[in-house]
Amino acid sequence: MDGIHDLGGMHGFGAVVTPVGEAPYHEPWEARVFALHLLVGMEHLGARPGGRATREEMDPVDYLAASYYERWLWSAEQGLLRKGTIAAGEVEHMMERLAAGGPEPPPHRDPDQAARAVEWLGEGNPMQPATRPRFAPGQGVRVRRMRPAGHTRCPRYVRGAHGVVERVRGADELPDLAVYSKDAPVEPVYAVVFRSDELWGRGEEPPWTVALDLWESYLEEAE
Amino acid sequence: MTEHGHDHHHPRPDSQVALRARALEALLAEKGLVAADAIDAVVELYERDVGPQNGARVVARAWTDPAFRERLLADGTKAVAELGFGGVEADTLVAVANTPTVHNVVVCTLCSCYPWPVLGLPPTWYKSPPYRARMVAEPRAVLREFGLELPDEVEIRVWDSSAEVRYLVVPMRPAGTDGLTEEALSALVTRDCMIGTAVPQAGSP
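As you go down the protein sequences, you meet chains A and B in turn. Heads up: the first sequence is residues 806 to 1028, going by the numbering used here. Heads up: the second sequence is residues 106 to 310, going by the numbering used here.
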């Protein structure tokens, strides 16, 4: 989806290094929302397409105005509502109850869930080797022009650009479909290197390179 | 942290978003779906056990053990598992080594993907629109903000971790560190050195 999250190359956001930029989060609720979102995922309490693709659906004005973990809070709530785990109005009702000093729900403890979470976070799911990749290292490729309505991992700034395959990374489900369904195709994924002048034209800085891992269906042979 | 502790340290009323976060947690607790101790366990995991100290150990090992370095650059996921590191957000980990002619730096323009098992949770600037927008398009200007000036002839290689691969930059070992132990070396390797927005200095941090 060509949303506000696809930020590569945009102007106007100002400085990277700021006095408050160092910490991962600043308020205790941010860490708890992070953990809660992971647990919602682990327990399959939220609906597809999951946190990341849901956040991409945020209104662009809200997306930029929200802090990072506000976006996570929003996507957690959306996923829970869409799955029916919570009903519309329940969060607001609980907010009113807590704001009015009403009774906190009795503490819910689950040591088994805590242990499962730590174990789950330590388990990786590495990419499988690719079978029959169409492109080989050293080969020139062009990124397809596209304007997908849904989730994609093909950023706007590389579309139409020529690059060179550096490596076949492995094979992975195509996320454009996998976030919405269990039956997504598995495709080779390639590390593709682009020259800066191909992406941005000649600028003030000496040339550099940008490398991305791209799924096979994002690519076509360079003419 | 308990709500009591939170109130004690922050006497102002909860902001609307903090209240909303608290309400969602309370709602899922009331339904018996997400436990407070599970949330505590995840928060503590990334505050205490999983952070850039893990990646720094990996880099220091690579500096002192050429065979490990070779394994790390060939298959990052397997090599860091030798030190007990791995998991969600480093399912496929690729280590990229800086050389006198190539300097690597990592960004995620679409999201804020970051190799949690070796670096912990990303700093706010890594997740911010300016970093995500600018690093692929004006890397030297961004690195200059971090105080890093590289010679013109060094190729900057920006890795946009838009897929499921996560990247760990292996910086060059600084000169003047020959006598240091692996542990002392790991203290020179800051988080930013492994993102690529800094290089290690002998005698730092």
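These are calculated hints, taken from the structure and not from any lab test. Quantities reported herein were computed from a predicted structural model and do not represent experimental measurements. Mixed in with the good hints, there may be bad ones.
[Said to hold, decoys possible] Here are some, though not all, of the chain A residues that point toward chain B, as calculated from beta-carbon distances under 10 Å:
(1) 848
(2) 927
(3) 929
(4) 962
Think of the CB as a built atom: it goes at the ideal place given N, C-alpha and C, for glycine as much as any other residue.
- Item | Hint status (Cβ of residue 927 of chain A to nearest Cβ of chain B, threshold 10 Å) | holds (4 Å)
- Was the hint right that residue 848 of chain A lines chain B, CB cutoff 10 Å? Holds. Min distance 7 Å.
- Close enough to count: is the Cβ of residue 929 of chain A nearer than 10 Å to one in chain B? holds (4 Å)
- Using Cβ atoms only, decide whether residue 962 of chain A comes closer than 10 Å to chain B, and label the hint accordingly. Check passed: Cβ of residue 962 of chain A comes within 7 Å of chain B, closer than 10 Å.
Checked against the numbered hints listed earlier, the structure breaks none of them; every hint is satisfied.
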